[in-house]
Amino acid sequence: MLEVKNLSLFFRMYDRAFKRQDLKVISNLNIIARPGEIIAVAGSSGSGKSLLAHAILGILPKNAFMSGEMLWQKNPLTIKIQKRLRGKEFALVPQSVTYLDPLMKVGRQVSRSKDTTLNLFRRYQLDESAASLFPHELSGGMARRTLLGAALAGNPKLVIADEPTPGLSQDLAENAMAHLREMANNGAAVLLITHDIDLALRFADRIAVFYAGTTVETANAQDFANESHLRHPYSKALWRAMPQNGFEPAPGTQPYAGALPQGCLYAPRCPFATPLCINAQPESRHLRGGEVSCNHAD
Amino acid sequence: MGITKAIAIYALRGVTLLLAVSILSFTLANLSPINPETRYRLSHPGASDENVSRMREYWGIDEPPVERYLGWLSGILRGDWGTSTSYRQPVLSVIGVRFQASLALMMTAWTFSGLLGYGVGCLMGVFRNRMVDRIARRVCLFMCSVPTFWIGLVFLAVFAAALGWFPFGLAVPPGIPPEQVTVAQRIHHLILPALTLSFLSFANLSLHTREKLIDVYDSDFVLFARARGESDIEILFRHGIRNSVIPALTMQFGSFAELFGGSVFAETIFSYPGLGAAVSAAGSGASDMPLFLGIVLFSACFIFVGNLIANILTHVIDPRTREGAKA
Chain E
6 MLEVKNLSLF
16 FRMYDRAFKR
26 QDLKVISNLN
36 IIARPGEIIA
46 VAGSSGSGKS
56 LLAHAILGIL
66 PKNAFMSGEM
76 LWQKNPLTIK
86 IQKRLRGKEF
96 ALVPQSVTYL
106 DPLMKVGRQV
116 SRSKDTTLNL
126 FRRYQLDESA
136 ASLFPHELSG
146 GMARRTLLGA
156 ALAGNPKLVI
166 ADEPTPGLSQ
176 DLAENAMAHL
186 REMANNGAAV
196 LLITHDIDLA
206 LRFADRIAVF
216 YAGTTVETAN
226 AQDFANESHL
236 RHPYSKALWR
246 AMPQNGFEPA
256 PGTQPYAGAL
266 PQGCLYAPRC
276 PFATPLCINA
286 QPESRHLRGG
296 EVSCNHAD
Chain Z
123 MGITKAIAIY
133 ALRGVTLLLA
143 VSILSFTLAN
153 LSPINPETRY
163 RLSHPGASDE
173 NVSRMREYWG
183 IDEPPVERYL
193 GWLSGILRGD
203 WGTSTSYRQP
213 VLSVIGVRFQ
223 ASLALMMTAW
233 TFSGLLGYGV
243 GCLMGVFRNR
253 MVDRIARRVC
263 LFMCSVPTFW
273 IGLVFLAVFA
283 AALGWFPFGL
293 AVPPGIPPEQ
303 VTVAQRIHHL
313 ILPALTLSFL
323 SFANLSLHTR
333 EKLIDVYDSD
343 FVLFARARGE
353 SDIEILFRHG
363 IRNSVIPALT
373 MQFGSFAELF
383 GGSVFAETIF
393 SYPGLGAAVS
403 AAGSGASDMP
413 LFLGIVLFSA
423 CFIFVGNLIA
433 NILTHVIDPR
443 TREGAKA
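In order, the protein sequences belong to chains E and Z.
Mind the numbering: the first sequence is residues 6 to 303 in this note's numbering, read in order.
Mind the numbering: the second sequence is residues 123 to 449 in this note's numbering, read in order.
Only chain E is shown next, with the shape it has when bound in the complex (with noise of 0.2 Å):
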């Protein structure tokens, strides 16, 4: 189980005059991804997301800094055991094949022993040539298939799937996310990093509902079937704004990394915010069967 507790990340900058600067992308993010369950990290983009999952794995650039929490099997994860378990019980599923390297045959890439690879190329239904192909001459299918082999190639305990699905045609997202269900069902914890909330819906056990940096709500996926069973105001105003749903958009925009407000950062475009709200970012708290940041929900 991987409980992330409170964290916040920032990069720190120095601009023209060698002036630093911190740019808090981050703020007090809470997320626990549990075995046999698909959790989806759901949210629009630039807000964060991918670095959630570099975070987890300590593959953050250098100039990156992080407060909080993080715990691994109830163990701090430290950089020691982030580096132990990479590519072992922690497996990345990238977005597409640019995380191939362009000169080596795809083959060698998913696993460094030709038994292991083959295995996995059974299993994904890629025939044995595919093994000797560059990454340029794969299909789009036969990429993600590949790609899906070599995060599995080390039987991993953590999966995190980056936007898996863009790019790809409906049969072949439904097909990828078929796969996360099989290796949940195996007894891994997948934390899917998406902005597709319709995939999530479908797939995931659990929504965190992301917005600007930090998870505002985590809902069961069957919250999402009724308005009034979601927590916060942002999932409330997502929800009104799917197509099914109404259509409706929220006035506002999210605020950039670097412009975040004091208090709790929905708070500039939430009808319910008080003082409170705009003074302190809200504690995350259990709420029927979900937990959420907010200090009005109930």
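To be clear, the hints were calculated from the coordinates, so they are not data collected in a lab.
Just so it is clear, the structure is predicted and the values come from calculations on it, not from any experiment.
Even glycine gets a Cβ: it sits at the ideal position worked out from N, Cα and C.
Certain hints may be false.
[As the list claims (entries may be wrong)] Facing chain E, from chain Z, some residues (calculated, C-beta under 7 Å):
(1) Ala349
(2) Gly351
(3) His361
Given the coordinates of chain E, assemble chain Z onto it according to the supplied hints.
Same frame as chain E, but now just chain Z:
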């Protein structure tokens, strides 16, 4: 593009290039104030008009330039590159002897700058923005900005004059019959000019390799490699070299022009009896036009072959441009 078509295109390019070079260099030589007549008058003050007119006739100075060019060109095609006026030997045999010496020098410099330049580039890439990289980068930028002749003189002053580790010049010790010269002596004479010659391309190659490696380290596939537990060193050997060695090789073969140009300076400074020294002598004091034009044509061939190898290597090694790739 089929392989036969590719060969045909390269062959056509080579022929047109050499034709263009021959026309241009012949025209320039023709325009220069030095011709056999002025040379003859300079070396024989008070020559009689009769002798001068016989000389003009012998060299065909009164014929139209186009006719002289065609005569020269047909000689080249038949393998008669003329006679060097300063060596009194056929141009081709002078080039042959001189080229052997130059080839030893250029290939030593080329191999040295290639291996070490690539190695230093990898080092800078792996330790990018760390102390090693910052120091090496400054040294490389310095090496890039230093002219070949200047560094040659500095090497002479320091290693030959002050420290006395290496001889002042020439390819063999003076006063020893050629058959008694040992390989060690030849190498001893080769080191300083070769170092001088490798200076420029060394720095270019390592800076280029550094940039290439940094691109690789910033790429998605290296991020994925990290996510799969590969260390920086593993990434260098599994992905870094694979993705940076082709551009490095291409660059190294493409640098034959700089190599040849540099050898003119290096050989002149170290009195090294190679093609570079010969061309600078033929083009200045000796004004040996047949030899000069011959070397110009020969060096054009040499550089063309370098670029050709660079192109072929890219096609053979890089699967994305490889012939018959299943797209």
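Next item on the list: Report the numbers of all earlier hints that the structure fails to satisfy, in ascending order.
Entry: Going through the list in order, the structure violates no hint and respects every one.
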